[in-house]
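Undergrad: All chains should be modelled from the sequences, with the hints used to inform the complete structure.
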Amino acid sequence: MKSKKIAALALALTMITSIGAGCGTNSGSTASTTSSDSSAQQSTAASTTAADSEKVTLKVLAGQSTTDAGTEDMIDKALAKKYPNITLEWECVDWGKDFQPKMQQYMQSGLPDIMIGKAQDVATYGSKGLLGDMTGKPYLDNVLDAAKPGVTIGGKTYGIVYNALYQGVYYNRKIFADNNIAIPKTQDELKAVIEKLKSLKITPFATHFLDTWSIGNITMQFAINDVFNKTPDWGDKFRKGEVSFSTSPEYRKAYEYNKLIYDNTWKNETFSLEQTECDARLVKGKAAMKVSGSWSIQNFLDVDENADFGIFPFPNQTGDSKLIFEPNITFMKSANSPNQDAIDKVFEVVTSDKDLALEIFNFTKTASMIKGVTPTFKNPSQKDIDKYVADGKIVDANTGNTQLVWGGFQEENAKDIAAWLQGKIKIENVLKLSDSRKANSKP
Amino acid sequence: MKDETPSKSENSLLQRIVSQVFITIAALFFLTPILIVINYSFKTKKELYLGNPLSLPKNFSFNNYITAIKKLNMVTTFTNTFLYTAISVILLALLCGATAWAIARCNQKFFKFSYVYFLIGILIPYQALFLPIYIVGFKMGLTNTRIGVILMYIATGMSFGVFLMTSFMNTVPLEIEEAARIDGCNIYKTYFSIVMPLLKPAIATLTIMQSFVIWNDYLMASLFVSSKQLKTLTVAMQALFSQQTSDYTTAMAAIVISVLPIAVLFIFLQKYFIKGMTVGAVKG
Amino acid sequence: MKRRSRSSIMTAQYVSLVLPGMIIFTIALIIPMFLAFRYSLTSWNGMTPEKPFVGLENYKKLFTDANAKDAWIFTIKFTILNTVIQNVLALFFAVILDSGIKLQKLYRTILFIPCLISAIVAGFIWMKMYSNILPAINDFLGTKINFLLFGSQETVLPGLVIANNWQWIGYWMLIYLAALQSIPVDLYESAKVDGASAIRKFINITLPMLAPAMTICIVGITTGSLKVYDLMVSSTGGGPGRASTSIIYSIYTTAISGRQYGYGSAMSISLVAALLVVAVIQLKVLRKREVQL
Chain Y
167 MKSKKIAALA
177 LALTMITSIG
187 AGCGTNSGST
197 ASTTSSDSSA
207 QQSTAASTTA
217 ADSEKVTLKV
227 LAGQSTTDAG
237 TEDMIDKALA
247 KKYPNITLEW
257 ECVDWGKDFQ
267 PKMQQYMQSG
277 LPDIMIGKAQ
287 DVATYGSKGL
297 LGDMTGKPYL
307 DNVLDAAKPG
317 VTIGGKTYGI
327 VYNALYQGVY
337 YNRKIFADNN
347 IAIPKTQDEL
357 KAVIEKLKSL
367 KITPFATHFL
377 DTWSIGNITM
387 QFAINDVFNK
397 TPDWGDKFRK
407 GEVSFSTSPE
417 YRKAYEYNKL
427 IYDNTWKNET
437 FSLEQTECDA
447 RLVKGKAAMK
457 VSGSWSIQNF
467 LDVDENADFG
477 IFPFPNQTGD
487 SKLIFEPNIT
497 FMKSANSPNQ
507 DAIDKVFEVV
517 TSDKDLALEI
527 FNFTKTASMI
537 KGVTPTFKNP
547 SQKDIDKYVA
557 DGKIVDANTG
567 NTQLVWGGFQ
577 EENAKDIAAW
587 LQGKIKIENV
597 LKLSDSRKAN
607 SKP
Chain B
-1 MKDETPSKSE
9 NSLLQRIVSQ
19 VFITIAALFF
29 LTPILIVINY
39 SFKTKKELYL
49 GNPLSLPKNF
59 SFNNYITAIK
69 KLNMVTTFTN
79 TFLYTAISVI
89 LLALLCGATA
99 WAIARCNQKF
109 FKFSYVYFLI
119 GILIPYQALF
129 LPIYIVGFKM
139 GLTNTRIGVI
149 LMYIATGMSF
159 GVFLMTSFMN
169 TVPLEIEEAA
179 RIDGCNIYKT
189 YFSIVMPLLK
199 PAIATLTIMQ
209 SFVIWNDYLM
219 ASLFVSSKQL
229 KTLTVAMQAL
239 FSQQTSDYTT
249 AMAAIVISVL
259 PIAVLFIFLQ
269 KYFIKGMTVG
279 AVKG
Chain D
148 MKRRSRSSIM
158 TAQYVSLVLP
168 GMIIFTIALI
178 IPMFLAFRYS
188 LTSWNGMTPE
198 KPFVGLENYK
208 KLFTDANAKD
218 AWIFTIKFTI
228 LNTVIQNVLA
238 LFFAVILDSG
248 IKLQKLYRTI
258 LFIPCLISAI
268 VAGFIWMKMY
278 SNILPAINDF
288 LGTKINFLLF
298 GSQETVLPGL
308 VIANNWQWIG
318 YWMLIYLAAL
328 QSIPVDLYES
338 AKVDGASAIR
348 KFINITLPML
358 APAMTICIVG
368 ITTGSLKVYD
378 LMVSSTGGGP
388 GRASTSIIYS
398 IYTTAISGRQ
408 YGYGSAMSIS
418 LVAALLVVAV
428 IQLKVLRKRE
438 VQL
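Protein chains in written order, with the numbering used here: chain Y, 167 to 609; chain B, -1 to 282; chain D, 148 to 440.
Among these hints, one or two may not hold up.
Just so you have them, the derived chain Y footprint on chain B, three or more residues with Cβ under 8 angstroms [what the hints assert, rightly or not]: (1) 126 to 140; (2) 224 to 238.
A few chain Y residues that don't get close to chain D, going by computed Cβ distances all over 12 angstroms [stated by the list, open to error]: (3) E238; (4) A348; (5) P350; (6) F375; (7) V515; (8) K520; (9) D521; (10) G538; (11) P546; (12) Q548; (13) K549.
Note that these hints are calculated values from the structure, not bench results. We put the beta carbon where it would ideally sit given N, CA and C, even for glycine.
TA: If you want it as structure tokens, here you go:
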């Protein structure tokens, strides 16, 4: 009984001392937290003048994936070299699940000074007057011109696109080479490739439909090359009632390509398989193709650093599909932040520090959107990308994503497609359900 | 507390053997997933993707653990989680005990109402209320503060805590309180110096039950302490499970690290916990 | 006279013991609930400052929303399965542990450890179990059992029930175990003298004495299952399609990604109402049973 009393006392003492230690070492940070809270909410006289030597703390909300986690430390180092008086206070969350809830949260209390999301976020939040206008700022000149239209609304640019992912059909180059399979450019050629692979007992497509977002992603890839290439404002027309999913043979085709893939993949496993497993199987040679994006590159190289894979655009109805690039990490700023000067300085560093850019591109294994910087990481699909870029056969993913929003629309439609693939509903109903969500389709 | 009733040990040998085999199989079922996680935590990414899931790793290297500690900023996040859990649980024990004791000792309407009022909290799906909760927290200036998240943990723990402690109040003999009152102790002194020490099993039970709930909490921590210095372990771990890419080997190591302290706490306080559950279960 | 004023001072002091907890609880949970009710009467999208008032529109919509209906059906099925299976198995294991086997403490710990893991992680572990580990047993034993429970709409519910039970049986088992161990021995002794068989002893003595524990377990499992969310987040994501979307998961996707915060709030309020009704009914029925026994 006595030893128990002593143990309890010891436990209590350790707790109390850790509280004391915790308070001590972190009193500095709690002070900075409260000061940055107030700076985000009210204008403080000091920060509006923002003289070079004034200490400024900027709040940053970063929507990341596992591949970008860690880039915040690189940015901190680069910033400290040029502007040591500016400190960034980071909040890093998963873009897919938590970026929107966090933005919703902060819309109630005041947006962070800097937000790092994806290019499509500009469409979602820019239209509400929440983002700061960057038109005419010198640092925008460091960004490739191709990246600007996707983040410009009404002539005003609201984001700096930093890097890009490439989306298309990733293929196992060895399988194609060993069996003399040529890159298909039309649907008929694709069907022939599928038959050849089946006869070799190789699964044509690798899929991971457990992740419903993958269904949504590939459907949009199809739509970009079959719908939005002909009608760039299909989304606006849809909301006006001029077109609909049920009456659009092109969009119906885009949905039906899902079935083509589902019929030629590991049907009974795909709804249980998650992405890393799926990517491993492509590298191992169990499957030959995967409709995906460059986020898979990390997975491919983790399984085998010498994996040889390439990329080609999924063939469309007219045989002229283009490779899709998706502007990815995008820097935005809050329209109402009192620290505009400091934010501009941060953006200046981020866009002009070529070493920082190279480090980040190599780390995240993505394509550069900054002028004069080419990533040097090993990317077996780079030669394919270069070919399509040289031929001008690339298209911005946001042609689709800024017309029909992801959350609440594309995502929900993907769930219906999943139910259709499993035989629960008819394709006509899927199209009708997509139509019924019209009100939610606007970014 | 006896471990088994005498009549039970008279069960036939066959019955005992069957029971033993059965419970062993059940235990294996419960243990296997955990062993798998531990197994994975020592594997490399390649072994994860290419090797047989059931095989043992080639080298028992701690690489994943080291990566987990670095990636999750473990010194900070672990300390934060520990701090929030410990302080919240201590305060909960104090507040719930005090509330429950007052409810048990008084018959007025206010106290009967309080009991039901707190119990309704069990029904509130606070995950669905995250936005209003955040708005209230923000209006009170408590967002991104340690105090804010601790107060939230106390609020969400009150319901179960009051329920649990109230069922324990019968174990505190009234005579001792009467004696204290005659000696001149006021209510506060009676509670803190006489009643609380007698509630040790109750406090142990509450400690374990609330500790693992708070330790594993994601929602409140993500709402109220999301900045890098104040982050908790669970929130940091989410970075390993992002939508388009994930880092499973590090995640496995992180899971093991995060479960360990709570498991140790349970093993330590097991005896009190069972004692505590007994009273709660019997008296309801 | 003196006694009265002393007792009203005492009451005030007792009240002061209750107030701090009550204040924190009210501000942190009850006020947000009222805010949510206010939002449920609007068509707010959760982002812009404007909150257009729409009265009871959202509640009317609840009755015609097919996705909400499916989410309710899934959640109710999940709850019923859990309540039955978890209770029966927890009691079963508790009886076995109490029957004089060796290493009781070890088994107790092993069965309890799964609940120390967060539900998000538990969901992830079972996702890996179904897709990688268990199929590997097929290769090992040469069998062809279908372990891909998260892969089809028919089997995703049993898959989640198994994962949920794995996590929580140990917890309720401890409650039953504690209750079993406090049943007075003489009750059994006198029954033995009367010549009662083991089964009769169980039905006439054990079960009635477990009534308070049963109340706690049944109410606990039911409310917990109705509120299930974390389990699906890193396992099925509500899928395939919407086959495993629980009511809270549906609230989240509607209110946040769907940017229909007003409607989502109406769903939350209806969930609270449902939980209230369920809990009250259960408590009335179970308490009555307790008193009778």
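Undergrad: Does each hint fit the structure? Answer for all of them.
TA: A quick look at each hint next to the structure:
1. 126 to 140: holds (count 6)
2. 224 to 238: holds (count 8)
3. E238: holds (23 angstroms)
4. A348: A348(Y) is indeed farther than 12 angstroms from all Cβ atoms of chain D, at 34 angstroms.
5. P350: Holds, because the least Cβ-Cβ distance between P350(Y) and chain D comes to about 29 angstroms, which exceeds 12 angstroms.
6. F375: violated (7 angstroms)
7. V515: It holds; V515(Y) is separated from chain D by about 30 angstroms at its closest Cβ, greater than 12 angstroms.
8. K520: holds (37 angstroms)
9. D521: holds (37 angstroms)
10. G538: holds (37 angstroms)
11. P546: holds (27 angstroms)
12. Q548: holds (32 angstroms)
13. K549: Non-interface label on K549(Y) holds, nearest chain D Cβ at 34 angstroms vs cutoff 12 angstroms.
In summary, the one numbered hint that this structure violates is 6.
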